[in-house]
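Visitor: Now for the letters of each chain:
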Amino acid sequence: MSAPGTIVSALPAQRIAGLDADFWRRVLIALAVMIAVLLPWAVSDYRVFQFTQAAIYAVALLGLNILTGYNGQISLGHGAFFAIGGYAAAILMHKLGVPYYLTIVPAGLAAFAVGVLFGLPALRLEGLYLALVTLSMAVATPQFLKYFDHWTGGSQGILLRKPAAPLWLPIGRDRWLYYQVLIVLLIAFWAGSNLLKSRTGRALVAIRDHPISAAAMGINLPLYKTCAFGVSALFTGIAGAMAAIVTGFVAPDSFNVFLSISFIVGSVVGGIATVSGAIFGGIFIQFIPNIANQISDAAPWAIYGMFLLGFMYVMPKGVAGFIKERAIRYRQARESADADEAR
Amino acid sequence: MTAALKIATDALLEVRGVTVRFGGIVALDNISFTVAEGQIAGLIGPNGAGKTTAFNVLSRLYKPSEGAVRFAGRSLLALGAHQIAGAGIGRTFQNLALFRSMSVLDNVIVGAHARGKSGFLGNAFRASLGRREERELSETARAMLTFVGLDHLAERPIASLPFGTQKRVELARALASKPRLLLLDEPAGGLNHEEVAELSGLVRRVRDGLGITVLLVEHHMAFVMGISDKVVALDFGRVIAEGPPAEVRCDERVIRAYLGKAEG
Chain A
1 MSAPGTIVSA LPAQRIAGLD ADFWRRVLIA LAVMIAVLLP WAVSDYRVFQ FTQAAIYAVA
61 LLGLNILTGY NGQISLGHGA FFAIGGYAAA ILMHKLGVPY YLTIVPAGLA AFAVGVLFGL
121 PALRLEGLYL ALVTLSMAVA TPQFLKYFDH WTGGSQGILL RKPAAPLWLP IGRDRWLYYQ
181 VLIVLLIAFW AGSNLLKSRT GRALVAIRDH PISAAAMGIN LPLYKTCAFG VSALFTGIAG
241 AMAAIVTGFV APDSFNVFLS ISFIVGSVVG GIATVSGAIF GGIFIQFIPN IANQISDAAP
301 WAIYGMFLLG FMYVMPKGVA GFIKERAIRY RQARESADAD EAR
Chain B
1 MTAALKIATD ALLEVRGVTV RFGGIVALDN ISFTVAEGQI AGLIGPNGAG KTTAFNVLSR
61 LYKPSEGAVR FAGRSLLALG AHQIAGAGIG RTFQNLALFR SMSVLDNVIV GAHARGKSGF
121 LGNAFRASLG RREERELSET ARAMLTFVGL DHLAERPIAS LPFGTQKRVE LARALASKPR
181 LLLLDEPAGG LNHEEVAELS GLVRRVRDGL GITVLLVEHH MAFVMGISDK VVALDFGRVI
241 AEGPPAEVRC DERVIRAYLG KAEG
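Here the protein sequences line up with chains A and B, keeping their order.
For the first sequence, our numbering gives the first residue as 1, with consecutive numbering after it.
For the second sequence, our numbering gives the first residue as 1, with consecutive numbering after it.
Hints are not guaranteed to be accurate.
Lysine-lysine pairs mimicking DSS-like chemistry, simulated, CA-CA at most 25 angstroms apart [as the list claims (entries may be wrong)]: (1) A:197 with B:63; (2) A:197 with A:95; (3) B:117 with B:178; (4) A:146 with A:162; (5) A:317 with A:197; (6) B:178 with A:197.
Sample of chain B residues facing chain A (criterion: CB under 8 angstroms; computed from the structure) [as the list claims (entries may be wrong)]: (7) 110; (8) 120; (9) 161.
The set of hints was computed from the structure by calculation and includes no laboratory data.
Small disclaimer: the values here were computed from a predicted structure and weren't measured.
Note that CB positions come from ideal geometry on N, CA and C, so glycine has one too.
With the hints as extra help, turn the sequences into a complete structure.
Guide: Structure, rendered in structure tokens:
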């Protein structure tokens, strides 16, 4: 084939490769969903509970990824939105007798409202300054929760009844909760990835990449940035509500600064501006501390730190970024092999 | 007098008495000029003359302390920076201002943002408005990429392309909003000889083929004088000449501004 010919043929080749990538992405998602559905039957009840929590963290991290990864606003305070969701659900159940499954949406909306309110002052702050202000939110959360003890039960927190599986369903409580969390997770990830692939999602990324240019394209920066804060808080609040339901307990000290830091860690380790990264991140922040504990009782956090170092060294763009890069490299290698064959 | 008035009312863009101060520095000092519908107008002047400042006033990045800007009969100064694209003004930037993590196509689709309406909720739940828009916006974007001759690079990451090509993507992005007025900030800057020649043809096609009025800031004299119907020369924040390129080129003050004045 002549040299100009190869340039012309680059177009259909790329299209085909693009379709191919989309096809494989779907296959992978279907596979992942299947594994997630079958998982509870392969592991113990205790592990099922742990995977439930990992799934909850994944939803929280998706929220953080939308804000920090896609929109470029750093938050070190997402534990606060997790707390708001958790307490909103707990108060609705405990004080008002609302059934647990009806608390998730209102809890998310409560977090959304606070997120929007917090997004307004955040408009004037960028980068590290915003990080510090959001950190202050994480620092203050436990004390706020203790202060309003009439509603929150003070430092004792609120004890909830864990929902049991309906009688007609022959599965234990842990599996029942796992499947319900899985359904919320699937809806959240479906909606989240729709959002990020749309006009709105591109606007969020445009603001992160070049705010002045984004405004010149007609993107209303204040509106999108505050909404990004609100939507991010919504996801994390929904996760918080699910955490309250599955653990049957909320207390101020479970929403400390370390929770917020864990979210950032999970988000970066999983892959900061990716949707699937939230899943890997959720698994990391749920299981790595446990594994570190098993390796060394004496110095679990040193082991945790080593895991963190190792992950960042091997996969600087996070697990999802690593997989994406490998897939692209594989495809390029195959394309050039095809081109060689055609010659 | 009546002739001048008539020109003023026919103008698509009318800048009148605009002054911009940064602290004690006067960047633009009471400048006025007009651009008529269908014109290609050039804004020239030595470094620091205030050309980019004038552009940034039109994009509402700077707020003038005095003066008025009217576009298609409405006041631009009443709008916010993000409403300019919707009002019908597209722009490119002096140094590339592309969205560096996106593909070529996505960059151009963002250019059509002002033509869309779908929001957070609709997009998250794949409402029909958003899906229809998605098709329309990406069709528009592909058409604009074809217009600038880059449709074969649509899926490529923007950062992988050479400078001159990225500049053309920026032009396609500005066209995607289907503006009435296109502002080009140093479109020839950093381009080689051939690319400048191609650019001249492209800018003419923007006006003749798409019917878009063009106002460009440029240092490349041969390029500006070659394609402009009208040239406005700035020096130290003031308009020193306005008229057809042949006249402005010979204007004594313009020559002095560029070459300096012999002392003594």
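Visitor: Determine for every hint whether it applies to the structure shown.
Guide: Evaluation of the provided hints:
1. A:197 with B:63: violated, 35 angstroms
2. A:197 with A:95: violated, 40 angstroms
3. B:117 with B:178: holds, 15 angstroms
4. A:146 with A:162: holds, 23 angstroms
5. A:317 with A:197: holds, 20 angstroms
6. B:178 with A:197: holds, 23 angstroms
7. 110: holds, 5 angstroms
8. 120: For residue 120 (chain B), the interface hint holds, since the closest Cβ of chain A sits about 5 angstroms away, which is under 8 angstroms.
9. 161: This interface hint is violated because 14 angstroms lies over the 8 angstroms limit.
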